[in-house]
Amino acid sequence: MKPLSQTIWKQGSLAVAIASGVFLVLMGGLLLFNQAQGKVAGLVQSTELVRLHEQLRQRPQDEALKQRIRKLDLQLRQNSFTELRISHNGTRAMIAVTVLFLASAHLARKQRQKLPDPLTWGPRRPAEENRIRLKTQYAVAAMFGVAAVAAVGISLHAVRLPSPPAPVQVAAIRFPTAAEMRENWPAFRGFDGSGHREVSAIPATWNVASGQGIRWKTEVPLPGMSSPIRWTNALFLTGANAQSNVVYRFDADSGKLVWATTLRMTGSKMPGPKVMEDTGLAAPTPVTDGQRIYAIFANAEVAALDFSGKQLWIRNLGPLDNPYGHAASLAIYQDRLLVQLDQGEATSKLVALNAGTGQELWRVARPIVGSWASPIVVEVEGKPQLITCGEPWVISYNPLDGSELWRANGLGGEFAPSPIYAGGKIIICNPGGDVRAIPANGSGDLSPKPAAWKTDAGVPDVSSPASDGRRLYLLTGDGQLSCLDPGSGQVKWKHEFKDDFYSSPVIGGSRVIIVSRKGVAYVMENADAFRELGKSELGEDCNATPVPDRQCLYLRGGKHLFCLAESAPVAVKSPEK
Amino acid sequence: MNRRNFLSGSLRGSLMLALGGVLGAVTGRARARNTVWQIDPFQCTQCGRCATECVLELSAVKCVHSFDMCGYCQLCTGYFEPDPNKLNTAAENQLCPTGALVRSFVEDPYYEYTINEPLCVGCAKCVKGCTMFGNGSLHLQIRHDRCVNCNECSIARACPADAIHRVPADRPYQFKSRERKT
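Those protein sequence lines, which keep their order, are chains E and C.
If you're matching positions, the first sequence starts at 1 in this note's numbering and goes up one per residue.
If you're matching positions, the second sequence starts at 1001 in this note's numbering and goes up one per residue.
Any given hint might turn out to be false.
Claimed, not checked - Derived contacts from chain E toward chain C, CB cut-off under 10 Å, selection only:
1. Ala41
2. His53
3. His88
4. Leu320
5. Gly344
6. Glu360
7. Leu361
8. Pro448
Don't read these hints as lab results, they were simulated from the structure.
Heads up, the beta-carbon is just placed ideally off N, CA and C, and yes, glycines get one too.
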């Protein structure tokens, strides 16, 4: 090749190599940017479009708004599909240009002037050198050959069906006895959900300003409507905001925040649900079996933690679509964690998860419109029953396998009060009209059979009833507290409080306590006649249900967790980890 | 051949045949089966991640329609926005962000809904609407003309409901039907 043409080839190939290299860098950057944008994410998750749709619902005749929606819709589609086209064509262009780049770079390198290689001077190349070079070439070729054969062999090997997952080794769990469950407060409104504790020391009064009766008071970092639960000296609570779902453990004796565990879900984050402020993102109360704590949040994340705060498993049972936000608390029976998810007639369901692994054991569809009531597990004639309520059915299931035991219809309205079991009957507060008692030992459809008793006096709309088996307490949202005989439904007394209530009444020994939404607590005697023992203010709002304990009362306010006792010095704690 | 040789030869032959049969049966049973990824529509919670988590430029997941379950509704909750402005095909009334669900008149008051597959991105908005308020006839499936059958499916990793599993390649789809509704 002549020197001039050699120069032209050299410079030409170098220019092509540089140009194609620059193209590769730019196109690679553009494709990476496209990838980071999330392909069609902008199209399917446009917040602007959702906002405009909301506006259109408020101004249905606004033609200009309709035009804006159509324009934005078209723009989003064009953008997304243009990005997809760029990605599609760009990838192919990059492959072609990469070939061009390699070829031109190789050519440019070949044209480069080289200093003479001493081994090319025939007489100086030793025969030994040639032999080694040949051996090396053969060895490399043989390695490639083996690798190629192995690759072909592996690719031809059929994919095997994955073997069934080995059962997760779970430490043997000892189910707590009924006595242990009764001694502690392991779930929403206690062991059996009746809101009753036989031995308790509910203080008649306290004073937040002076500290009288406040044993300790600790700030809770995140908000939540959930109530505390207690197991020995551990108090558990949940809180959440748009970013985090958190489970807290407090020391029941000192109020110190022992740990706070933020749940970690693998995979991309599920968008948070829309909830009402009155429900919030942490309305369901957690449950414990004495070895683990189980919690559920509004975005349907269900998790188990051990008592040291370590997350053992997590699942998402959502997404949930509940107009107020999910509120039903969890229930547990032996190794079954029971989750009631009433979201709408087509999607309402009851799910049992293995408490040790989170694996689903059974699931049944529920013919329920939607509900916010919590399920309870009770023992009737020696057999367990899982009682659930929602419009229009109360249904009893076997918690072991989800089979239905009995059902009765006639429930209506937005169903929030949870059922209780008192005096051999299931007591149901039907916001649609009455309070009724259904014998719990039936089977099949009990709808045609009359209820054991019914009353339309003081029907709760949000609060759940409480009973110690001798008296039944009902609290309406506008402050009417009624005391009934759970056996006959006869009203023993009624009293009107000028206050609003979401929190449920609880009975602790000889006292009954109710707490209003403004944080005013009223303590009454648990007796056949009304007698108010005290009235105290918490100093902050309150929607959670109190926990009566042997020595004190635990109560969650809007900002703090309180331990209230008859008389004790104040100890205010700041949250610490 | 005497009788002893005949019996011994027959016995040996029978044993060889039996051994061959057993080996053949074991080999046949032990043959590995090909598998592919698929969504169980009854476990799917319509979270929308199928549209964004697939490694492909446009997801391998698309909506399919079980016509035997469809109610052919005039107000299809898989097609229309909740509380639509009007029951027409204007963009402000459609739930599908790409217009992939096509509504065509059958006879009063019935409408047929078909899927324009090239436009479907697998976002599950229509599936959610149909499942929550309708018959649940719209559901998602991984399309095997698109799926590259990754060793580890990136959508399965992100699926909050654990609804994506490997299934035998000779039964690659899990359709909803009137017979199997739950």
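Right, here's what the structure says about each hint:
no.: 1; hint: Ala41; verdict: holds, 5 Å
no.: 2; hint: His53; verdict: holds, 6 Å
no.: 3; hint: His88; verdict: holds, 6 Å
no.: 4; hint: Leu320; verdict: holds, 9 Å
no.: 5; hint: Gly344; verdict: holds, 5 Å
no.: 6; hint: Glu360; verdict: holds, 8 Å
no.: 7; hint: Leu361; verdict: violated, 14 Å
no.: 8; hint: Pro448; verdict: violated, 27 Å
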